[in-house]
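As they're listed, the protein sequences go chains A and B.
Take the working numbering: the last position of the first sequence gets the number 158, and nothing is skipped along the way.
Take the working numbering: the last position of the second sequence gets the number 1446, and nothing is skipped along the way.
Incorrect hints may appear among the rest.
[Unchecked claim] Computed footprint of chain A on chain B, listed as stretches where at least three residues anywhere in the stretch have a Cβ under 8 Å from a Cβ of chain A:
id	stretch
1	1065-1078
2	1099-1111
3	1156-1170
4	1243-1249
5	1319-1327
6	1426-1437
[What the hints assert, rightly or not] Straight-line C-alpha distance at most 25 Å; calculated DSS-like pairs for lysine-lysine:
id	chain 1	residue 1	chain 2	residue 2
7	B	K1391	B	K1176
8	A	K114	B	K1256
9	A	K73	A	K158
10	B	K1391	B	K1416
11	A	K158	B	K1067
12	B	K1148	B	K1064
13	B	K1176	A	K149
14	B	K1176	B	K1144
15	A	K149	A	K73
16	B	K1359	B	K1391
17	B	K1126	B	K1148
18	B	K1367	A	K149
FYI, nobody ran anything at the bench for these hints, they're computed from the structure.
By construction, the Cβ of each residue, glycine as well, lies at the ideal position given by its N, Cα and C atoms.
Given next are the chains, with one letter for each unit.
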Amino acid sequence: MKHTLPGIIGAAMIVLAGCSSKSAVSTGDQTGAAGAGSTTTTTTAPVSGPVLGDIFFDFDSSALNTESQEQLKQNATWMQNNASRSVTIEGHCDERGTDEYNIALGERRANSAKEYLQTLGISASRLSTVSYGEERPFDPSHNEEAWAKNRRDHFVNK
Amino acid sequence: MRTLTTFLTIMRISKISFAGLSLVLFCLLLMPFRLQAEEAREYIAIRKQGSGRISIALDRTSAKGGKEIEWARSLDGTIRSGLDFTGLFNLMQAPVNMKNAQTGALNFGSLNSVGAEIYTGGSLIKVGNMTRLDMEVYDAMSGKQLLKKQYTGPETQLRSMGLQFCADLVELLTGKKCLLFNSKIVFVSTRSGFKEIYECDFDGQNLMQLTNSRTITLTPALSQDGRYLAWTDYAGGRPDLYIRNLQTKSTVALGKPGVSIDPSWRNGTNEVATTLSFEGDQEIYLVRPNGTISRRLTFSRGIDVSPSFSPDGARMAFVSQRSGMPQVFVQDVQGGAARRLTFSGSYNTQPSWSPAGDKIAYSSLQKNGEINIFVINADGSGLLQLTRGAKDNESPSWSPDGNMIVFMSNRQGRKKLFVMNADGTNQRSLLQIDGEQQQPSWSTLK
């Protein structure tokens, strides 16, 4: 009985997370092509496409590298321009390592981004985090290329 | 003297039965049985000098009537696969000329000639709406009877009756109480399309789905008394601790902010330890079955996860990032410094403390990219690698008698459950069902 409500919320989340994962990570080009993200932010139409870019991590690390910080600055700009929107930061891991530890690591990755966005002036009340560990890989392949894409924070706006 | 021995034997048998299924127990108490304890002790003493598997000739259970014969064959299958699962025995078919056709007397000469050390056989009859199994065990060398026992129950309990005999036989021949055949394994399966929690018997039989959250459920753990199931569930949108009372079927969620990861019951108590991050950092806490926090166990910056307790509940093994990369640490639950247990390898996780208390199994991510299972003594000595050259092998969990370890391996492609002897030998698949299976946890139901 106690299950019912969270169950519905949970099911809704899956749909949400599922869709957004597919659209957003196509920003795989986190090479710093800066303009792309910010131009879309000026549109007022319903948001689609890579408005909030993913950030990527080294193995067993939740530290933000320079590229990640650049991407987070763009994400912060988007959030400042869309002040009514809240964002959930999903922390993800690659399949190496073990499941339980990776849930902890995913949370640390999400928190790294949250703390950095706060230093850029985004209110904590607009930021929530969830760790998926290695449960929701963007690329299910078993190679370094896939793993690099899977060690990420993914941003879902609401 | 003889009377006293028999009385003590009855006391001992009664204890075994309490661990068994209550129905069988109930019937047993009403029925006569006999165990030749002196002969059995003598047998165990002799065996200790030898080594290797005990050769047992399993005779077909005799039965008359179509239904009864069908039941007897099913029972024979249960007994054979049950005994085989233990890895303790070399099972052989009893020779055809083993029984005198007229008198039914056993021909021990023919048993000896095929190398059998033990003979077991019995008969099954229907009594009203119950089935009655009469089993006998003989030392094939001396011809002495070691066990004679009756098992009664409805036809639906034939498997339990057969397994109870297996438990009695293992105890008789090893001198140790056998917990294997009552045990359950809980695990995660994607069989339904979602990660849900399932349970099965020690041998993969009696599969049952326990959750239907249709999100992600992970890391199930049964309490020592079998009353509670704890797990991590994304039903509320993030990983939270859920605890279900399996008797009342009521479920509570902890509902703290942040994560909850990888619960493990503290032996000797009804408290479950899990990682929580509601205070900011990821630390291990003890939680009561009603979903309230009892107390915090770790105080170190960085990841602390995957507690596993010594059999007396006094010490906890867990994974900590405090030295940089994840390593297994051990600390007293009542406080005191954590001591690092693992030094070989740079990524050691998923500790599982053995039921005897002397060993800790864990998984190690190695330089070649494989994850393998290791066992180390609780004092840090005697490191032993159990799996190798077979992709990823994770989530070791000990059988209640400590003779076996269940684990997950993707050696055949998808993630499946495997079982091995505690020394790494005899690695074999546990169950063949759809989807992927992982995170097994082996528990005794007492």
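Going down the list of hints, with the structure as the test:
Coverage of a stretch by a chain is defined here by at least three residues with a beta carbon nearer than 8 Å to that chain's beta carbons; for the stretch 1065-1078 of chain B and chain A the count is 0, and the condition is violated. Residue count for the stretch 1099-1111 of chain B with a Cβ under 8 Å from a Cβ of chain A: 0. That is fewer than the three needed, and the coverage hint is violated. With a threshold of 8 Å between beta carbons, the proposed coverage of the stretch 1156-1170 of chain B by chain A is violated, since 0 of its residues qualify and at least three are required. Check result for the stretch 1243-1249 of chain B against chain A: violated, 0 residues qualifying (beta carbon to beta carbon below 8 Å, three or more required).
Requiring three or more residues with a Cβ within less than 8 Å of a Cβ of chain A, the coverage given for the stretch 1319-1327 of chain B holds, as 3 such residues are present. Taking a C-beta to C-beta cut-off of 8 Å, the stretch 1426-1437 of chain B contributes 0 residues in contact with chain A, too few for the three needed, and the coverage statement is violated. For the proposed pair B/K1391 and B/K1176, the alpha carbon gap of about 35 Å is over 25 Å, so the pair is violated. Taken as a hint, the A/K114 and B/K1256 pair is honoured in the structure, with Cα atoms around 19 Å apart against an allowance of 25 Å.
Of the pairs offered as hints, the one joining A/K73 and A/K158 holds, with about 19 Å between alpha carbons and a cut-off of 25 Å not exceeded. Of the supplied pair hints, the one linking B/K1391 and B/K1416 holds, its CA atoms being roughly 12 Å apart against a limit of 25 Å. At most 25 Å may separate the alpha-carbon atoms for a hinted pair to count; A/K158 and B/K1067 exceed this at roughly 64 Å. Of the supplied pair hints, the one linking B/K1148 and B/K1064 holds, its CA atoms being roughly 21 Å apart against a limit of 25 Å.
Straight-line distance between C-alpha atoms of B/K1176 and A/K149 comes to about 52 Å, which puts the hinted pair past the 25 Å bound. Restraint check for B/K1176 and B/K1144: the C-alpha separation of about 21 Å stays at or below 25 Å, so the hint holds. With a C-alpha separation of about 20 Å, the suggested pairing of A/K149 with A/K73 holds against the 25 Å cut-off. As the CA atoms of B/K1359 and B/K1391 are separated by approximately 24 Å, the hinted pair is consistent with the 25 Å bound.
A C-alpha spacing of about 19 Å is found between B/K1126 and B/K1148, which places the hinted pair at or below 25 Å, so the restraint holds. Simply put, B/K1367 and A/K149 have alpha-carbon atoms about 21 Å apart, close enough for the 25 Å limit, and the pair holds.
Hints 1, 2, 3, 4, 6, 7, 11 and 13 from the list above are not met by this structure, while the remaining hints are.
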